[in-house]
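Asker: Respectively, the protein sequence lines represent chains A and B. One point on numbering: in the numbering used here, the residue at position 22 of the first sequence is 22, and numbering is uninterrupted. One point on numbering: in the numbering used here, the residue at position 103 of the second sequence is 103, and numbering is uninterrupted.
Derived from the structure by calculation, the hints contain no laboratory data. Take the hints with a grain of salt, since some may be wrong.
As the list claims (entries may be wrong) - Derived lysine to aspartate or glutamate pairs resembling EDC-like cross-links, with alpha carbons at most 20 Å apart: (1) 54/A to 67/A; (2) 97/A to 97/B; (3) 3/A to 82/A; (4) 11/B to 27/B; (5) 109/A to 67/A; (6) 53/B to 73/B; (7) 109/A to 17/A; (8) 53/B to 14/B; (9) 97/A to 54/B; (10) 3/A to 27/B; (11) 3/A to 54/B; (12) 3/A to 79/B; (13) 70/B to 56/B; (14) 97/A to 73/B; (15) 3/A to 73/B; (16) 97/A to 17/A; (17) 53/B to 72/B; (18) 70/B to 59/B; (19) 97/A to 59/B; (20) 53/B to 38/B; (21) 97/A to 62/B; (22) 54/A to 17/A; (23) 11/B to 38/B; (24) 97/A to 56/B; (25) 57/B to 79/B; (26) 52/A to 97/B; (27) 54/A to 97/B.
Said to hold, decoys possible - Here are some of the chain B residues that sit facing chain A, going by a computed Cβ distance under 10 Å: (28) 14; (29) 18; (30) 35; (31) 43; (32) 48; (33) 50; (34) 52; (35) 62; (36) 63; (37) 64; (38) 79; (39) 94; (40) 101.
Bear in mind that the values here come from a model prediction, so they are computed numbers and not experimental data. Just so you know, even glycine gets a beta-carbon here, dropped at the ideal spot from N, CA and C.
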Amino acid sequence: LAKTTQPISMDSYEGQEVNITCSHNNIATNDYITWYQQFPSQGPRFIIQGYKTKVTNEVASLFIPADRKSSTLSLPRVSLSDTAVYYCLALSSNTGKLIFGQGTTLQVKP
Amino acid sequence: DAGITQSPRHKVTETGTPVTLRCHQTENHRYMYWYRQDPGHGLRLIHYSYGVKDTDKGEVSDGYSVSRSKTEDFLLTLESATSSQTSVYFCAIGIYEQYFGPGTRLTVT
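Construct the complete structure from the given sequences, taking the supplied hints into account.
Answerer: What follows is the structure, encoded as structure tokens:
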């Protein structure tokens, strides 16, 4: 199961687009990439998941290149309420086992 | 919100005592997970279950055991609690999109 590497922290300003990149060099064929958001004193909340190319939902986009060794979470026009920790993780569709990364603390400033 | 509860929500116990945490779901999900989260760290998988009586270890399973005798309940037991097991424990249900419980804050003195 692939371990993931993310930047420890990022800063942004309200209204900007934020891109958080995750590295997963040893990703396996059956692994999916999933992103979660976590606020203090709460459990993580699912944002988006993908296998290859681009996935978009109402809150984010996920870009995964053809080699799948990295992925980028894109948050359009962030607000102060998007200040949180964002986790990238690899999930094995064979076993259901997964490993959370260390997370990226995103600070959105006014 | 997904129907997932954890009990107790807070517990203080002494080193060497056994402790059992309960995760209960009303969503009939096949997969259930136990994680721990320490201050300033991400979540680490302890054990997970892919069906009744079907469980597997995560990355930090030493000192923990689990049981799942029915779909809705997944129990995590600290066989002999140690101070290093002081943490916040989260339960989650689902697989591709997981829903997390509110967490249990455990302090081992």
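Asker: Sort out whether residue 79/B lies within 20 Å of residue 57/B, counting only the CA atoms.
Answerer: It holds: about 15 Å lies between the C-alpha atoms, which stays within 20 Å.
Asker: Is the hinted pair residue 3/A and residue 79/B satisfied, with a Cα-Cα distance of at most 20 Å?
Answerer: Distance of about 29 Å is beyond 20 Å: violated.
Asker: Residue 53/B and residue 73/B were given as a pair; does the straight-line alpha-carbon distance stay at or below 20 Å?
Answerer: 11 Å, holds
Asker: Are the Cα atoms of residue 70/B and residue 56/B separated by 20 Å or less?
Answerer: 16 Å, holds
Asker: So, residue 94/B near chain A? Judge it on the closest CB pair being under 10 Å.
Answerer: It holds, given that the least Cβ distance between residue 94/B and chain A is near 8 Å, below 10 Å.
Asker: If you draw a straight line from the CA of residue 11/B to the CA of residue 38/B, is it 20 Å or shorter?
Answerer: Within the cut-off at roughly 16 Å; holds.
Asker: Given residue 50/B as an interface hint, is the shortest Cβ-Cβ distance to chain A below 10 Å?
Answerer: 5 Å, holds
Asker: Is the interface hint satisfied for residue 101/B? The criterion is a beta-carbon contact with chain A at less than 10 Å.
Answerer: 6 Å, holds
Asker: Need the status of pair residue 3/A, residue 27/B: alpha-carbon distance at most 20 Å?
Answerer: Roughly 29 Å between the alpha carbons, so the hint for residue 3/A and residue 27/B is violated.
Asker: For the hint on residue 48/B, does the least C-beta distance to chain A fall short of 10 Å?
Answerer: With a minimum Cβ separation of about 6 Å from chain A (threshold 10 Å), the hint on residue 48/B holds.
Asker: Regarding the hint that residue 52/B lies at the interface with chain A, is the smallest CB-CB distance below 10 Å?
Answerer: 15 Å, violated
Asker: Check whether the Cα positions of residue 53/B and residue 38/B lie no farther apart than 20 Å.
Answerer: Violated. Residue 53/B to residue 38/B sits at ~28 Å, over the 20 Å cutoff.
Taken one by one, the earlier hints fail for this structure at numbers 3, 4, 5, 8, 10, 11, 12, 15, 16, 18, 20, 28, 29, 34, 35, 36, 37 and 38, listed in ascending order.
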